[in-house]
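If you read the protein sequences in the order shown, they are chains L and D.
Here the first sequence stands for residues 1028 to 1607, numbered as in our numbering.
Here the second sequence stands for residues 57 to 287, numbered as in our numbering.
Be careful, since some hints might not be right.
Stated by the list, open to error - Here are some chain L residues the structure puts well away from chain D; computed CB gaps all over 12 Å:
#, residue
1, HIS1071
2, HIS1127
3, THR1320
4, THR1530
Stated by the list, open to error - Some chain L residues near chain D, calculated using beta-carbon distances under 7 Å:
#, residue
5, GLY1129
6, GLY1329
7, SER1522
Said to hold, decoys possible - Subject to a maximum C-alpha distance of 30 Å in a straight line, what follows is the list of computed DSS-like cross-link-like pairs (lysine-lysine):
#, chain 1, residue 1, chain 2, residue 2
8, D, LYS60, L, LYS1292
9, L, LYS1470, D, LYS241
10, L, LYS1235, D, LYS241
11, D, LYS95, L, LYS1363
12, D, LYS60, L, LYS1363
13, D, LYS135, L, LYS1348
14, L, LYS1029, D, LYS73
15, L, LYS1235, D, LYS168
16, L, LYS1556, L, LYS1524
17, L, LYS1139, D, LYS241
18, D, LYS168, L, LYS1058
19, L, LYS1524, D, LYS95
20, L, LYS1524, D, LYS168
Read the hints as simulated data drawn from the structure, not as lab findings.
Beta carbons are placed, not taken as given, at the ideal position from N, Cα and C, and that holds for glycine.
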Amino acid sequence: MKVIKHSFDGVIVGAGGAGLRAAIEAAPHMKLAVITKLYPTRSHTGAAQGGMSAALANVEEDNWNWHAFDTVKGSDYLADQPAVDILCKEAIDSVVELEHWGLPFSRLENGKIAQRRFGGHTVKEGEAPAFRACYAADRTGHMILQTLYQKCVSMGVTFFDEFQVLDIKIDDGVCKGVIAYEVATGDIHIFEARAVTFATGGFGKIYKVSSNAHSLTGDGPGILYQKGIPLEDMEFYQFHPTGIYRLGILLSEAARGEGGILRNKDGERFMERYAPSIKDLAPRDMVSRAIATEISEGNGAGPNNDFVYLDLTHLGAETIKQKLPDITDFVRTYVKIEPINDPIPVQPTAHYAMGGIPTDVNAKVLSDETGTVLPGVYSAGESACVSVHGANRLGTNSLLDIVVFGKRAGQSMVDYVSSTKPMTLSDNAAEDLTNKIENLMEKDHSLEFSVPRIREELQDTMEENAKIFRTEESLEKQTEILSDLRDRYQNVTISDKGKVFNTELLEAIELEYLLDMSDTTVASALHRKESRGAHSRVDHVERDDKNWLKHSFAFKNGDSVKLEYKDVELGNYEPKERKY
Amino acid sequence: MDVKVNILRYNPETDRKGHWEEYILEADPDERILDLLHKVKWFDDGSLAFRRSCAHGVCGSDAMVVNGENMLACQVLVKEVSTPIKIEPIRGLPVIKDLVVNMDSFFDSYKKVMPYLINDGEPGERERLQSPEDRDRFEDTTKCILCAACTTSCPVFWTADTYVGPAAIVNAHRFVFDSRDNASKQRLEILKDVDGAFRCRTAFNCTSACPRGIQVTKAIEDVKRETLTIN
Ligand SMILES: Cc1cc2nc3c(=O)[nH]c(=O)nc-3n(C[C@H](O)[C@H](O)[C@H](O)COP(=O)(O)OP(=O)(O)OC[C@H]3O[C@@H](n4cnc5c(N)ncnc54)[C@H](O)[C@@H]3O)c2cc1C
Ligand code: SF4
Ligand code: FES
């Protein structure tokens, strides 16, 4: 295998919103490379629809403290409150900065940035839904991604497009660089770099029905987990209430922000029963549970009673065209329904990882539950867990998270690089990886051990046993299944033995990350004997602040998972019962 | 139902040139063309190469030629195309393997038009104001996902690959008509060049190819007209 060596001060892995924002901060101050397995503009940030929150108060009175209150309450009090304060306070300048860089936000008549309502965002600590989400129609993520990429182009940032990072080099607890695979040629590239940021996005592909792209396989968290870094709060995975039935393609909460209503098979607006004050705009964990409950009680629609309706028919053609053009197009394209006239079949879809690589508020990666910093390694965006989302993220807070903490990751890289000397890696630094790849290439292919077979079983069983409602029994069953899949993975085989665009090889490597993400999700969920936010235990229905106001840290321990815990950092808001 | 699919295969490590392979697949009429490609890759021949990520028409990875027309494989359903379904890489860019082409020259053209907001003025502490009407003038061209379906459907681009192509002009349009931008003149100078907007012969292929429904030809016409206003 051809091995090529590069020398940089800093490397950013991932070119979604978080990676690009970090790059803008770091590029002027160091020799920087952004390495991305997709062309930057194809990152899944581009799929985000509804908006990005900031208390701009363009439509009505608002302030960042209310935003912080909503975020903490939405998180079911698991978010670290000092981090939430940073998120909500810096939101305002972050939106303004994006506008200055050219982001084409939708506008109000007076020329200011338009804002809309979104689930869980309220004024005056719960009084009424707030107009806080800044948006560009229903393609806000697309505009953020394009704007940040455009800014990087204008700055001449160095990109390695379609290079997939497969390993990090940490010697004696210090970061020295990463190893990447060039998709087009199969060559191996050693990148010397003393500051490395992982901004690799989420891992929704552990479930069968998901709003996530095929590429969202948890690479950053997987690479670090395999090196002994723990993953935080993995039991908290968000299911978005409105995915298109069976396909999982997302229909943004903006649809309900603009007035859309959920109905069961009888046409009943069932959210009135579950969240009397804000109804359809309750936070996602609650709405997804309500849908799952309606379905299990026989109130679902269709021949199998397994979906509910998202009704937009009363919004009018003009609002739909102006404010929800893309998502209504998805409905027309994939299910051939005209949302202006007919309600849309929806079901909860696996959407967002609250958990991930533990970091402090400066995006520094922590290597244990006591807060030990891993020098030179950073993470931001969906791959990281700060934690600002706690047990349940509010809509629009992730696009915010990626820019606020992406910027902080970039700043931390600058601080570190300016106070340390370059690192070197030996020419055989890629040996572990090349051995792994050669090993995969040499094995004879057998269908039983093929990537799609193992992955399909993984996704089907995670969907069945570790989704919205969980029990000790379902989680124990899944633990066994995962251990069996892990055994089979040891023998995984591929049929493509070539060098050029061998995506089968890369899918095989990604499958290991998916197994890691599933193992940690299930183990953390099994241990947490309470229900909080997105984690609902049918056998432990109450939230238990006395024992569980804690973040979980899942460590790799051979082929099993070891759990440690860390107290939540509280602030202005004492945990209260969460009612809407 | 059974669907017959023909894919133009090419592996640079073993083939001197491309050749057609036929696959008979069990498929549901509501499935995407992309699902068919996955069936081949996952259950028949793991070496089949194509790009994809989002699977719902927003990332721009999987533009290809299906039954002679450019489209995103994830945006078209089996029931919407006639069989046998013929799938080839987009034209005019060098093929790397199977349905994957080298995008370098495409992105180089994009970068040539300075695709970023240029405004040296002091923006102030809050957002710049822009009226909804001013915002509307470039709404259409903000939707571009850089999939290259337009550029690689253009007969001018096939014969003159130095032509910047529709996608680059669309991205210039996005800034030329943005009231906040000050560098239209520089961009229009670039597009006045021999390889710029006037190469366009209004074949309209680009407009029909665009999976985002952008009025590409109209955007090119807008840019041509604007070019005449600078001296
Ligand atoms: C359909 C949808 C709609 C959403 N809508 C909203 C919304 O309205 N508001 C909101 O706040 N949030 C929304 N979210 C959530 C939000 O969009 C994401 O959480 C956020 O965009 C993640 O950004 P990121 O930069 O962390 O990762 P991504 O944008 O996913 O980027 C990941 C990057 O990492 C790269 N990468 C991954 N692995 C590797 C590797 N091994 N080597 C090299 N590169 C690698 C990829 O190429 C990519 O560039 C939505 C999410 C989805 C799925
Ligand atoms: S204009 Fe349309 S076809 Fe052309 S690159 Fe952009 S999205 Fe693709
Ligand atoms: S896979 Fe993203 S556009 Fe088709």
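Review point. Which of the numbered hints above does this structure break?
Key: Violated: hints 1, 2, 4, 6, 8, 9, 10, 15, 16, 20.
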